[in-house]
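Undergrad: Working from the sequences, and respecting the hints, build out all of it.
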Amino acid sequence: MKVTNWGNFPVTEAEVKSFSTQGEAMEAVAGWDELIPRGLGRCYGDSSLGKNILSTLSFNRFLSFDEKTGVLHCQSGVSLEEILNIFVPRGWFPPVTPGTKFVTVGGAIASDVHGKNHHKEGSFRKHVDAITVLTGNGKIVRCTPEENAELFHATCGGMGLTGLILDAVIRLKPIETAWIQQRSIKAPDLETIFRLFSENVEYTYSVAWIDTLARGSKLGRSILLLGEHATRSQLQTSSQKENPYRIPGKRKLTVPFNLPNFTLNNFSIKLFNAFYYGKHPRGEKTALINYDSYFYPLDFIHHWNRIYGKRGFTQYQLVLPPASGYEGVRKVLEHTTRSGYGSFLSVLKYFGPDQGLLSFPMEGYTLTLDFPVSENLMKMLNELDTIVKDAGGRLYLTKDSRMSPAMFRETYAHLPGFREVRKAFSSAGKFESLQSRRLEV
Amino acid sequence: MSQYCLILGAKSAMARAIAHKFAGNGYDLILAARNPAEIEADAADIRVRFSRDVKIAAFDATAFQTHQNFWDNLQPKPSVVVCAIGYMPKQQDAEKDTALALTAMHTNFTGVANILNIAANYMEEQKAGCIIGISSVAGERGRASNYFYGSAKAGFTAFLSGLRNRLASSGVHVLTVKPGFVYTRMTEGLPLNPKLTAKPEEVASDIWKAFRKKKNVLYTKWMWRGIMWIIRNIPEWKFKKMKI
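If you read the protein sequences in the order shown, they are chains F and H. To convert, note that position 15 of the first sequence is 15 in my numbering; the numbers rise steadily by one, no gaps. To convert, note that position 138 of the second sequence is 138 in my numbering; the numbers rise steadily by one, no gaps.
These are calculated hints, taken from the structure and not from any lab test. Note that the structure is a prediction, hence the values are computed from the model and not measured. Note that the Cβ used here is the ideal one computed from N, Cα and C, for glycine as well. Among the hints, a few may not be true.
[Claimed, not checked] Selected chain F positions facing chain H (Cβ under 7 Å, derived; list incomplete):
id: 1; residue: Arg-61
id: 2; residue: Phe-62
id: 3; residue: Leu-63
id: 4; residue: Phe-65
id: 5; residue: Ile-86
TA: Below, the structure is given as structure tokens:
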């Protein structure tokens, strides 16, 4: 059957199986010469595509939960959405959440997802106590940061290439309410937003929406969104106070079909950006926002990726070390606007210190851009690669669909160590994706 | 005092979806399967998700002599019994293998009829309760491609109808569920028309609504009622020549 991920690019033909018991998983893995596990397919490119795909969506049971410590043991197909629905009402929240709740726990670990709180609380793997992996040699291995540590660190951020994640033990964090106290600050240019990031490091959640089409003196104009989990005393209405963990249901919209390719173009994007930036008052404002709207603003538009049309789109997410961050981001923005490519949803964030094996986050500045797929886009992105590489940065595999093996090799210094672990567990050659083949992992 | 729902054949995807539906609506559960170890994880899952009590028990539809004991040992007694037991053999294999044919017929009819009769005896005395039997549209008419399964289900449907007649004056509700195609292990590999095929969650939803409304017969998805009316009314001289 035809399978594609969130970017609708590439689309591939694959045999897809699912499993609901460990026995079925072992059977499926043994029966194929090569496969890649897949959760909800929210990566943007070809990370969870291959000729044989093993879906974890039927392996989605909760196994245990400790209501005193918030420690949750569950199978890898459980989604963050299910965790939110069940545990927010009980006063618990995922320790790290990416921009969508439609990811599985297995996917969150395999991509080692990061959230708006990375600078303070690290990536997803920092909150994982244990994972059970079915490796290429057919063995089921329990690994933690201490036991079978190399497999643990390779699997976190390992894009499914070390084996099939069966279940995990993660630590949820306690919350007083389901609301977020948000403070947003307008920044008229790149220098200001960089300064604002460092001035506001003590906030738990911080991310900036950036207007990537602004030029000249307005280059890098953004809105910094800072957040904290609201305490009971910060709640405003009486219904909030009576039910601190309940949030209003969201009316869901959907994009029922691919919009025509021309819908998102430089002009329409510029218009949107100008409106979005313009409607925010000068300076700053604060607001009480429910967690769903704060963390997952796009999730309520089902199939929003169809706005890009049938051609699909690709996301380009880079991270640059602090020393070259400002100059590097400036160069990237100048290059994209000069080449005539506008990014619709663009985000800038500061990462705290981090170093995994294949994990993406490292200390510095991460910029996310998205572009509709087109002929000359690849050439432009290759040029961006050079800027990123020269500045000592790298790209996020979960968003990537076109990076070259050379770019990958030269920017992921721990690749040799990662290859060792895969070899040790016979997962190389067995757990492969279109991405791993393309990048010659 | 909380109400318990007993689900026989708890391992299947359909049973799991029904279990979640009842648990989500305030019922505690007793899950029964031939091999209880295989449903431990499902039980744990429901306990965490819904904060409900979930008991596990061993039950084998074809071990008739164990049925009365099984029922007597249930503590507490359920107010709702859902029978989700079903086994579809390969038609050609069953034609050549008597043991297989008999297993199919006992699993789908005589075995489940026996336990439901035992449950009915109890509920009749209590003058309360509900029995939900999952039969199949395959029981509406015997077809060459699947008549061991189909005939057993036909027997089961008639049994449930008889039970309904018997228990009507005792206030016990008997619901016959007739699924068409459902996405489960039983139909894996078959070419299914997505417009006609239900997901287990949709079946569970339909069953819950029918349970609340005290319906007698439920077709899921709904269009199978019309489809089977047509199938049932094809004259025999025509039907015997068809290959469906």
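Undergrad: Now look at each hint and say whether the structure bears it out.
TA: Going through the hints against the structure:
no. : hint   : result
1   : Arg-61 : holds (4 Å)
2   : Phe-62 : holds (4 Å)
3   : Leu-63 : holds (5 Å)
4   : Phe-65 : holds (5 Å)
5   : Ile-86 : holds (6 Å)
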